[in-house]
Amino acid sequence: MALSEPIVIPQASDLERLARAWAQPRGFWGWFMNVHHTAIGVRFMVTSFIFLLLGGILAALMRWQLARPEHGVLGPDLYNQIFTIHGSTMIFLFAVPMMFQGFGVYLVPLLCGTRNIAFPRLNAFSYYIYVVGGLLLWVGLLVKTGADAGWFSYVPLSGPEFTPGKRSDFWAQMITFTEVSALGVAISIAATILRHRAPGMTLNRMPVILWEKLTVAIMVIFAMPAVMVVSSMLLMDRTINTQFFNPAVGGDVLLYQHLFWFFGHPEVYIIFLPGTAIISTLVPVFSRRHIYGYIPIVCSVVATGFLGFGVWVHHMFATGLPQISESFFTAASLMIVIPTATQFFCWIATIWHGRLQLRLPMLWVFGFFFVFLIGGLSGVMLASVPVDWQVHDSFFVVAHFHYVLIGGALFPMFAGLYHWIPKITGRMMNEGLGKVHFWLFFIGFNMTFFTMHFLGLRGMPRRVYTYTPEMHWGALNTLATTGVGFMAAGIIVFLVNFFDNKASGRLAGPNPWSGGSLEWATASPPPPYNFAELPTVNGREALWDAEPNQPIVRGLREDIPEVLVTHSLDSDPEYREESPGPSIWPFLTSIAVSIAFIWSIFSPWGIAYGAIPVVITLIAWLWPRGHSPARRELERREEPWTR
Amino acid sequence: MDALRERPVLDVSGLPTVAFGRSNTTWLANVFYMMIEGTMFALLIASYFYLRTRTSNWPPANLPPTLSWGVINGIVFLVSLVPARYAQKVAPTGDRAKIRFALMGLAAFAVLNMVLRGFELANLNCRWYESAYGSAVWSIMGLHCGHLITEFVETVVILAVAFTDKMEGTRLVDVAINSDYWYFVVASALVSDFVVYGAARFL
Chain A
1 MALSEPIVIP
11 QASDLERLAR
21 AWAQPRGFWG
31 WFMNVHHTAI
41 GVRFMVTSFI
51 FLLLGGILAA
61 LMRWQLARPE
71 HGVLGPDLYN
81 QIFTIHGSTM
91 IFLFAVPMMF
101 QGFGVYLVPL
111 LCGTRNIAFP
121 RLNAFSYYIY
131 VVGGLLLWVG
141 LLVKTGADAG
151 WFSYVPLSGP
161 EFTPGKRSDF
171 WAQMITFTEV
181 SALGVAISIA
191 ATILRHRAPG
201 MTLNRMPVIL
211 WEKLTVAIMV
221 IFAMPAVMVV
231 SSMLLMDRTI
241 NTQFFNPAVG
251 GDVLLYQHLF
261 WFFGHPEVYI
271 IFLPGTAIIS
281 TLVPVFSRRH
291 IYGYIPIVCS
301 VVATGFLGFG
311 VWVHHMFATG
321 LPQISESFFT
331 AASLMIVIPT
341 ATQFFCWIAT
351 IWHGRLQLRL
361 PMLWVFGFFF
371 VFLIGGLSGV
381 MLASVPVDWQ
391 VHDSFFVVAH
401 FHYVLIGGAL
411 FPMFAGLYHW
421 IPKITGRMMN
431 EGLGKVHFWL
441 FFIGFNMTFF
451 TMHFLGLRGM
461 PRRVYTYTPE
471 MHWGALNTLA
481 TTGVGFMAAG
491 IIVFLVNFFD
501 NKASGRLAGP
511 NPWSGGSLEW
521 ATASPPPPYN
531 FAELPTVNGR
541 EALWDAEPNQ
551 PIVRGLREDI
561 PEVLVTHSLD
571 SDPEYREESP
581 GPSIWPFLTS
591 IAVSIAFIWS
601 IFSPWGIAYG
611 AIPVVITLIA
621 WLWPRGHSPA
631 RRELERREEP
641 WTR
Chain B
644 MDALRERPVL
654 DVSGLPTVAF
664 GRSNTTWLAN
674 VFYMMIEGTM
684 FALLIASYFY
694 LRTRTSNWPP
704 ANLPPTLSWG
714 VINGIVFLVS
724 LVPARYAQKV
734 APTGDRAKIR
744 FALMGLAAFA
754 VLNMVLRGFE
764 LANLNCRWYE
774 SAYGSAVWSI
784 MGLHCGHLIT
794 EFVETVVILA
804 VAFTDKMEGT
814 RLVDVAINSD
824 YWYFVVASAL
834 VSDFVVYGAA
844 RFL
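Top line first, the protein sequences correspond to chains A and B.
Quick note, the first sequence lines up with residues 1 to 643 if you use the numbering used here.
Quick note, the second sequence lines up with residues 644 to 846 if you use the numbering used here.
Just so you know, these hints were derived from the structure itself, not from any lab.
All C-beta atoms, glycine included, are put in the ideal place defined by N, C-alpha and C.
A hint or two may mislead.
[What the hints assert, rightly or not] Reference listing, derived: stretches of chain B covered by chain A, where coverage requires no fewer than 3 residues with Cβ under 8 angstroms from a Cβ of chain A:
(1) 687 to 693
(2) 697 to 711
(3) 761 to 769
(4) 826 to 836
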């Protein structure tokens with residue numbers, strides 16, 4: 001296997017023209033006009049990391065309250081708000097925006113070897129709308145209107161009868177904001193992968209991480225509408241007196257659960273698949289060989305995407321469903337083991353037959369193996385109806401889903417951050433501090449959440465704000481709370497490491513890990529045009545498999561931002577497309593949409609009146625300004641439409 | 644550096660800058676939008692049938708929606724496919740006069756559809772706040788109204804562009820893609836009508 005040099009530098013005058021064409025606006029308003037995927041991707045990552053810290057603070061408050069029996073730190077009402085906002089934040093404002101949107105928006109165009117994401121303005125709009133959704137939920141908490149019916153806000157508890165006021169409405173509209181954001185990004189990412197891949201990157205040569213991003217984008221497209229529909233039904237039941245969930249006039253509360261979990265379980269894989277994709281990317285790099293079982297891994301990713309839509313009822317085993325459907329969904333849930341185990345064995349085989357380099361990102365990969373394996377095993381237990389009934393709504397379930405979600409998202413996230421921060425900032429993270437971070441977090445995590453298995457088996461229910469000494473849960477709860485301290489210390493070490501990296505980290509260079517995918521074929525951080533010379537691809541690891549004289553793409557215009565559109569299957573060049581440049585209108589449209597959504601919490605007319613500024617800003621966004629520079633060129637060719 | 648400049652080059656300068664049909668990136672995005680919206684319709688319709696299983700009377704204490712307005716609007720939706728198809732056909736030629744004619748026809752049909760939809764809503768024979776049945780019916784019709792209004796606005800905006808000299812290149816692709824979306828609006832109208840008018844009578 002010959003390592004190719006990173007693809008290099010054309011003449012200085014070409015680069016100047018490219019830099020002008022792709023220049024990102026500066027200044028205060030420039031920040032709101034920027035639509036380049038590297039800027040928006042970093043914003044998604046930073047913002048979602050801030051929400052992770054905020055959600056973590058709420059978790060620490062809960063653990064402090066539960067550290068000993070009859071502790072008086074939090075009252076029941078505030079505790080309810082805190083566990084609801086914690087769960088909602090971690091799922092809707094951290095996990096998906098970080099694992100899918102953040103990593104996806106930043107990496108996908110680089111991995112495809114193109115200069116920007118498809119529909120960059122839609123992508124920028126998706127960021128702003130996500131931020132407003134997050135602020136809505138948190139402002140609600142700060143003004144004592146925090147949602148308090150749990151992160152899935154089941155009816156009838158969240159309905160108009162049992163939760164008067166605006167708490168559930170804030171939650172329901174936060175859902176709308178974040179799901180619109182995820183859908184916008186899903187369209188951008190899927191279109192980029194299918195239409196903007198470098199020539200030569202056929203489907204069969206697409207890196208596993210792109211297969212995963214495509215699968216997750218399609219899952220988002222089919223899953224997110226379910227939660228938007230159900231949260232809208234909840235909002236309408238509360239604001240305009242629809243009766244979807246009112247059994248007195250033909251409504252049904254289980255309809256809510258069906259619709260919610262039709263989204264909710266795919267959501268687990270929307271969070272988890274990006275994690276496995278990071279693992280599938282890092283394992284070959286640090287094993288110095290191609291991934292073992294590329295095709296089984298890709299099939300597993302796609303199969304998980306399909307199976308994820310067929311298991312939602314296992315969240316509803318305790319609702320009195322017919323036994324036949326419980327049996328079916330038990331079997332479907334157990335089937336998930338097959339693709340997941342396939343991936344595990346392929347990773348092990350890759351490491352086994354490679355030359356392992358136990359660098360910092362790989363440490364987190366091993367952490368993922370350990371933690372996620374435990375989460376998977378307790379998942380197999382919970383897929384069995386009798387066990388599920390026994391531990392339903394207990395701390396055993398809390399332990400399980402934290403092993404799955406933190407194992408499936410947070411450990412790969414840190415692996416990915418340590419791997420790609422050198423690309424993003426141009427500087428290496430400190431390995432020593434990174435290892436301290438890992439061990440503090442790993443030990444703290446297991447102290448907190450492994451303990452919860454035992455608390456659950458001893459009968460401690462979830463979502464209780466306190467317990468009496470006679471229950472004998474105090475010692476285990478104290479141990480669990482102590483673990484939070486370790487995790488918090490680990491996060492602080494990470495932050496110190498990050499800011500130290502920004503200030504004085506060692507320069508990374510284009511390819512510090514000798515990786516094989518295309519993001520390492522350009523400078524760190526990438527220039528605004530991503531690649532000076534657009535690459536072509538000769539194998540699954542583009543740089544490792546490149547010929548010494550691997551062709552480069554020429555002929556895209558350098559005076560306007562232009563990208564190459566290629567065929568979805570074989571990535572043959574099809575046409576050149578101008579990439580939309582900086583614009584303030586996505587931001588202004590997001591403000592108009594936000595006004596309409598928030599207004600609708602207080603009056604149903606908010607949507608009607610609020611639609612007017614939305615239409616105006618959308619027209620301003622999309623209205624063509626001047627002739628396309630491509631027109632003159634086309635006129636020369638006398639294509640029919642120029643007559 | 645000189646050696647590197649001698650690397651083989653894949654020259655794409657001769658490729659077109661506009662593509663119609665499946666090759667176009669916006670066409671693909673439009674398909675994704677239709678998948679999203681189609682999923683929403685599917686879930687609302689599934690909810691309708693789910694709620695049907697929860698009660699013995701369907702519609703509960705209501706007459707079914709009056710069939711005549713639904714049938715008339717359904718026929719008008721079907722006829723509106725003609726200007727939509729015509730717009731799609733003339734878009735690649737760049738003939739602005741024909742494009743304007745087609746889009747005006749499409750916008751006129753959209754107005755007619757909206758007026759008829761008003762009569763449909765007035766004759767659903769239920770209110771959204773009376774029962775879960777009413778909520779399900781109004782949510783399906785409401786979602787479709789949202790699509791109808793959105794598509795009307797989009798058609799009018801593209802028509803406005805067609806009166807300027809900016810109707811070129813990718814804007815012509817927008818005309819063709821707008822017709823694709825109209826097909827979706829018509830298809831979802833027919834499916835919605837089938838559920839709202841048919842299921843209330845035959846289930």
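To see whether the hints hold, each was checked on the structure:
1. Coverage of the region 687 to 693 of chain B by chain A holds. Counting CB-CB distances below 8 angstroms, 3 residues qualify, and the rule asks for three or more.
2. Restraint check on the region 697 to 711 of chain B versus chain A: 3 residues with Cβ-Cβ distances below 8 angstroms, three needed, restraint holds.
3. Counting residues of the region 761 to 769 of chain B whose beta carbon lies closer than 8 angstroms to any beta carbon of chain A gives 0, which falls short of the minimum of three for the stated coverage.
4. Counting residues of the region 826 to 836 of chain B whose CB lies closer than 8 angstroms to any CB of chain A gives 0, which falls below the minimum of 3, so the coverage claim is violated.
Checked against the numbered hints given earlier, this structure breaks hints 3, 4; the rest are met.
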